[in-house]
Amino acid sequence: MTVDISTNYDYSILSNFFPDNAIEQFRESAINPLIALLNAEFVEGGDKAIAELLHAIPNSDKFTNNNVLRSNLQKNYDHVIKDGGISFRGKSIDGGGVTKCLSFKPVTPRLTKEGKPIKYENPPKSVSQVLLPQIDIDTWKVISSRCEVKIPSDVDINRIWKSEEIGGEEWRDYHELDLNKKYVKWVKNTPEVSTVITEGGKTTYSGTSVGYVVAGLGGVWNGCEKIDKDKDIKDESNYKLIPDLKILAILGRKFIIAFDKDTKPKTVALVKMAATRLANLLTAEGCEVTFANWDSEDGKGIDDLIFNKGADAFISAIENAGSEIISAKPKTSSKDNDNSPSSDKPEKPISPLELAKVATYFHTADKVAYADISIEGNRHTYAVKSKAFKLWLMGEHYKANKIGINSQSYQDTLPTLEAIAIFDGETREVHLRTAEHQGKIYLDLGTPDWKAIEVDASGWRLIIEPPVRFWRPDSLLPLPIPVTGGNLDELKDLLNVDGSSWTLIITFLLFCFCPDKTYPVLVLSAHRGSGKTAAAEILKGLIDPGKAGLIKLQGDTLKLAVAATCRHLMVYDNVGHITPDQSDDLCRVATGFGYSTRTLHTTGDETTFEFTRPQIITAIDALVTRDDLADRVLIAQLPEIPEDKRLPQGKLNEKVESARPRILGALLTVLSQTLSQLPHTNPEKLPRMADYALFAIASERALGLNDGEFMAIFNESREQSRQVVIESSPVGEAIIRLMENYPIPKSWRGTASELLNELENHTDDATYRSRYFPKAAHSLTRQLNRLSPDLRAMGIDVGSFRKGGVERTRLICIQKVVKIASLASLPSSVSDESSQGKGYRGNATEDATLNEDATFIEDVTVLNTVPSTVLSETSKAQGLQEIKDGKDAKDAIFTALPAMEPNKIIREVPEDEF
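Residue 4 is where the sequence shown starts when you use this note's numbering, and the numbers rise one by one after that.
Keep in mind that the hints are not guaranteed to be accurate.
What the hints assert, rightly or not - Straight-line C-alpha distance at most 16 Å; calculated EDC-like pairs for lysine to aspartate or glutamate:
(1) K360 <-> D415
(2) K275 <-> E239
(3) K443 <-> D427
(4) K303 <-> E540
(5) K249 <-> E357
(6) K303 <-> E239
(7) K188 <-> E239
(8) K153 <-> E195
(9) K122 <-> E228
(10) K495 <-> E540
(11) K654 <-> E540
(12) K393 <-> E421
Read the hints as simulated data drawn from the structure, not as lab findings.
Full structure from sequences and hints, please.
Set out below in structure tokens:
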């Protein structure tokens, strides 16, 4: 990108801070005065001058016990202590951005043995570092524009300083403590920002002034350090990058080496050797390295080049630098033939373990090793034993060594990486698609840049690195980048749904964003030609798109567990029948799935699956016939699509893909509004699936629903599910027909065997002989245990007690219960007894009356519907139904029933209760 740069600076602002000869040096190096003010300082001499050079050496090595500078240092730096000079500083990359001296230009230089003046003094090699100059916001804007990477949002890019404030204490503190700490962090974490490496303070400042990220070394050799100080200085394998450069050397970053151009052959050879060593080490880290090229006649250093030829000459030298990536050269042995062909393959390849150490390792609570890897500036998270991690390491090995990774080497590396993750790494939780952290919900978009959406009560936003970790199975596909301005009506139109079905679908869909909850099961029920599959695909694509998104309902629990491990939203398409085992598995997945099996190729190890997942079922028939699953089901009826609204699959896909970013944005907006309402949502009571119900109630305002509208629709759906359960049960239907002959409060009593014989009279012969009808008393009792809650919801109570005497026979009791308006409206004879809390009782005599034998306890259970046949069985019951107390019929209640014991559905009650 072309950026206009002017080097016509006003150096008058430096007059209060530097002597004239220093200002002239800044002018001759084309250094922006603001860059000079932020970094350089003229030091008069004395202790402060020596402190600039020896800042990183411990005091014990600088001073004697008498606090006197050691004699060798006094001798080397006497001229600095005496006359001072200019300290060229920068921000360190390693160590939190501390300001340190890069080089020092003394007023009176010392002389070599040959009498040549040494213009610059550098900190001792033992404290070698690479520094980034501090910058002002305008320079940062130029750098950002040139590399096309935005400045972080928490930086005030519009901060303007008055001319009299420049150079002042507040001005310096702002840049030192705020702006430049963020600048250093931005450079460290953004591999897209190309970095120029040069030597010396003035060249570093000059290149920065032109709008490049320039990292300055004290000298050409200072970017590397020896690993073993006793080894031969010519052994190139004995060098490594200094810590500062190691941090900057992120995979994919481009470095341009721009050392000074010298004309002496010996110096040229040495500089080339130093540059090649540095390039080889950077390349081994996965970085691209090139050399800036310009004519030495135009200037020795880049500062001379800019001063003599202008900023464009320097930009040309950088932008047209040699494009060939420098590879590590093979170390040749004295035995090698000088005429042997050259090879790009190193003699000693870099090991997989060394390559893998660039990652950051951690483990989960169950000791599974993971790695955080920076790829093109984005954090990826892979399980160490995953295919994705293996492919990454294979790629790194090939780039570094030009050969594929040896299978045995890879297998030998894994145990060490796992040990690093488990014993040295932190413990973190890893999530699939959604996560919650500190009250915020995070959604993994699944995009190549690993960005995520953060949602809280204040809104939603796209973030680069969420505070949580996600893992991605191979089947996961990306979500669209959400946009604002969408409307959920667009989704309603695509689904061709309205009314109560829409309310159930949209609240279910929003609740899918909430991780690790107890989820309902959405059943999309419709006739052929209603678009069930298309609707399920649309819903899946808004939450958790993936390969093979719609799957078959598995009969094998292990296969179901494996499928659910790799999917956040499970969608079973065209389900025609649900077996009892499948029904149980669906319940487990919805509320908390735990399954273990023997680990392959082991004797005693166990592999465990634990998760909860939202689920969608598409079906034509009302196939949920088991009561435990029916209690968790949301039944949404889809209408048949009119012929004039049908679309070819291609056009439908185009319409859906076009709408997905807007719909996802609208969903996230409603989700945020729901989160803001949740703390203020406190219903008096909650049904089963309380998490979902509470969330859906909180979403009413955001969805434009009336208060209480969701619960009315939800209860209607549950009643429909119960009706399906009863209708699909031969025993349930037989009991309903049996009780048609028993008016309130008369009850049927008898043993399980007697009830089995009685039900034969209320069942057709084919049904009675089928395998679905129980043939023994214990089988009947098991079915009654399952059906009892659904029968009670329909106004038929099933209980049992032990008959007195020696035999202690267990009797089953069945009776109807009645729905009334409220206790306050009951006749006095009833309401008086109700205050005693004795419960509802009947004496089983045919002439018993309601007023004499029925009472009602205060702790009543609210239900919204009851079959009309139950309400009008007797005249007295009918009279109760007609009692008015000024309340709506929705306030009607069932007579209360005593609390059930845990895990017992047929209630154990005293004999006189029925």
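Now the hints, each set against the structure:
{"no.": "1", "hint": "K360 <-> D415", "result": "holds, 14 Å"}
{"no.": "2", "hint": "K275 <-> E239", "result": "holds, 14 Å"}
{"no.": "3", "hint": "K443 <-> D427", "result": "violated, 29 Å"}
{"no.": "4", "hint": "K303 <-> E540", "result": "violated, 65 Å"}
{"no.": "5", "hint": "K249 <-> E357", "result": "holds, 13 Å"}
{"no.": "6", "hint": "K303 <-> E239", "result": "violated, 27 Å"}
{"no.": "7", "hint": "K188 <-> E239", "result": "violated, 31 Å"}
{"no.": "8", "hint": "K153 <-> E195", "result": "holds, 11 Å"}
{"no.": "9", "hint": "K122 <-> E228", "result": "violated, 24 Å"}
{"no.": "10", "hint": "K495 <-> E540", "result": "holds, 14 Å"}
{"no.": "11", "hint": "K654 <-> E540", "result": "holds, 15 Å"}
{"no.": "12", "hint": "K393 <-> E421", "result": "holds, 13 Å"}
Against the hints set out earlier in the document, violations occur for numbers 3, 4, 6, 7, 9.
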